[in-house]
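Numbered continuously in our numbering, the sequence shown closes out at residue 365.
You may find that some hints are simply not true.
Derived pair list, reagent style SDA-like, types lysine to any residue, alpha-carbon separation capped at 25 angstroms [claimed, not checked]:
hint, residue 1, residue 2
1, 320, 361
2, 277, 150
3, 335, 312
4, 271, 89
5, 139, 260
6, 277, 175
7, 271, 250
8, 271, 281
9, 335, 179
10, 320, 351
11, 277, 341
12, 335, 220
13, 335, 199
14, 277, 180
Note that these hints are calculated values from the structure, not bench results.
Please read these numbers as outputs of a predicted model, since none were measured by experiment.
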Amino acid sequence: MKIKPPLQLTRPGIEDHSCHRKSAKLLPSARLTAGLILVFALVNGGAAAERLGACRLTANTVLRSCRDAAQSDYWLALAKCDNLADPVARDCRTQALADLKDARQTCKEQNDARQAACEWLGEAPYDPVINPSNFVARIDNPYFPLTPGTTFIYEGQTAQGFEHDEFAVTHNTRVILGVTCVEVHDTVTEDGELTEDTLDWFAQDTEGNVWYFGENTHELEDGLITTIDGTFMAGVNGDKPGIVMKAHPAIGDFYRQEFSLDNAEDFAETLSLTESVTVPAGSFHNCLKSEETTPLETDLLEYKFYAPGVGNVLTVDAGTGDRVELVQIRRRGR
Numbered sequence: 032m033k034i035k036p037p038l039q040l041t042r043p044g045i046e047d048h049s050c051h052r053k054s055a056k057l058l059p060s061a062r063l064t065a066g067l068i069l070v071f072a073l074v075n076g077g078a079a080a081e082r083l084g085a086c087r088l089t090a091n092t093v094l095r096s097c098r099d100a101a102q103s104d105y106w107l108a109l110a111k112c113d114n115l116a117d118p119v120a121r122d123c124r125t126q127a128l129a130d131l132k133d134a135r136q137t138c139k140e141q142n143d144a145r146q147a148a149c150e151w152l153g154e155a156p157y158d159p160v161i162n163p164s165n166f167v168a169r170i171d172n173p174y175f176p177l178t179p180g181t182t183f184i185y186e187g188q189t190a191q192g193f194e195h196d197e198f199a200v201t202h203n204t205r206v207i208l209g210v211t212c213v214e215v216h217d218t219v220t221e222d223g224e225l226t227e228d229t230l231d232w233f234a235q236d237t238e239g240n241v242w243y244f245g246e247n248t249h250e251l252e253d254g255l256i257t258t259i260d261g262t263f264m265a266g267v268n269g270d271k272p273g274i275v276m277k278a279h280p281a282i283g284d285f286y287r288q289e290f291s292l293d294n295a296e297d298f299a300e301t302l303s304l305t306e307s308v309t310v311p312a313g314s315f316h317n318c319l320k321s322e323e324t325t326p327l328e329t330d331l332l333e334y335k336f337y338a339p340g341v342g343n344v345l346t347v348d349a350g351t352g353d354r355v356e357l358v359q360i361r362r363r364g365r
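Kindly generate the complete structure, drawing on both the sequences and the hints.
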């Protein structure tokens, strides 16, 4: 029987320090040097953080997390490859390396998007103060009114199929960070099959800003949940609410709609306040046009149009041109 050569210890992205194992204990002078280096790193690291500001520092730290996760996934893939017979195993390792390179490129693109956002957001930490006494019971922002018992129905042909979306404002509420939020049940079907089932939580402050406090989302395929990515709740695991619609929108506004790092990071920019839109539900004027992006999907860019007194009436995928339009507003009591 042919003996296989030993596994290679050094793999892409990992340094081999095996030749240094005998020098585990540091001499006193070495310990002193290491201590000085540590102090220098801490001092200069703090100075670097101050220069960068919280926004860019956050982006850089998330980048490191992303790269570490990519490397971890690579090693796990190799472990699975080790249990495949040759020559399949060789193909498996090639694919694992290709996936690693793709993942690291994605990390870079996401970081570029976060860094670009910092140009608009500024460098201050994102830490909104939520005082329950500053919130009201109703959500009547002209561009984003949420009256319980109202269901907004949207439809459109997309690359994934014919989309039917029902955005139902329920009579249910949920208290998050002491704020009583309106619960919206949002369901999406494609070609008649349920693909998304989400609960969203919104609340309006006394100035009229509508805040997004979280969502419980499920994506489905063949009736089975495939992912809950995007699920977050303000106050849990460092997640924070964002503003989904400002009280007094102005052209050039750029803001966070949610803050759950590497999970839910939508941004919005107000482009216009004078758009006219015609959809099956009617013709609307003086609409707000918003550009919505996320560093988690750098190739995704959507334009959303909000009509005064109605809310969202149209969503356009900037890449494909696909339109999802308001076709009906259904109103019911309790």
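> Given the hint that residue 335 pairs with residue 220, does the C-alpha gap stay at or below 25 angstroms?
Replying inline: Distance of about 20 angstroms is within 25 angstroms: holds.
> Is the hinted pair residue 277 and residue 150 satisfied, with a Cα-Cα distance of at most 25 angstroms?
Replying inline: holds (20 angstroms)
> Given the hint that residue 335 pairs with residue 179, does the C-alpha gap stay at or below 25 angstroms?
Replying inline: holds (22 angstroms)
> residue 139 and residue 260: Cα distance at most 25 angstroms?
Replying inline: holds (20 angstroms)
>> Given the hinted pair residue 277 and residue 175, is their Cα-Cα distance within 25 angstroms?
In response: holds (9 angstroms)
>> Hinted pair, alpha-carbon criterion (25 angstroms max): residue 335, residue 312. Please report holds or violated.
In response: holds (16 angstroms)
> Keeping to a limit of 25 angstroms between CA atoms, is the pair of residue 271 and residue 250 held or broken?
Replying inline: holds (22 angstroms)
> Taking 25 angstroms as the top limit, are the C-alpha atoms of residue 320 and residue 361 close enough?
Replying inline: Within the cut-off at roughly 24 angstroms; holds.
>> Check the hint pairing residue 271 with residue 281 against an upper bound of 25 angstroms on the C-alpha distance.
In response: With a Cα-Cα distance of about 23 angstroms, the restraint between residue 271 and residue 281 holds, given a limit of 25 angstroms.
>> Checking one constraint from the list: CA of residue 335 to CA of residue 199, max 25 angstroms. Satisfied?
In response: Holds, at roughly 18 angstroms.
> When you check the alpha-carbon spacing of residue 277 and residue 180, does it fall within 25 angstroms?
Replying inline: Holds. Residue 277 to residue 180 sits at ~23 angstroms (cutoff 25 angstroms).
>> Given the hinted pair residue 320 and residue 351, is their Cα-Cα distance within 25 angstroms?
In response: holds (18 angstroms)
When held up to the earlier numbered hints, the structure conflicts with none and fits them all.
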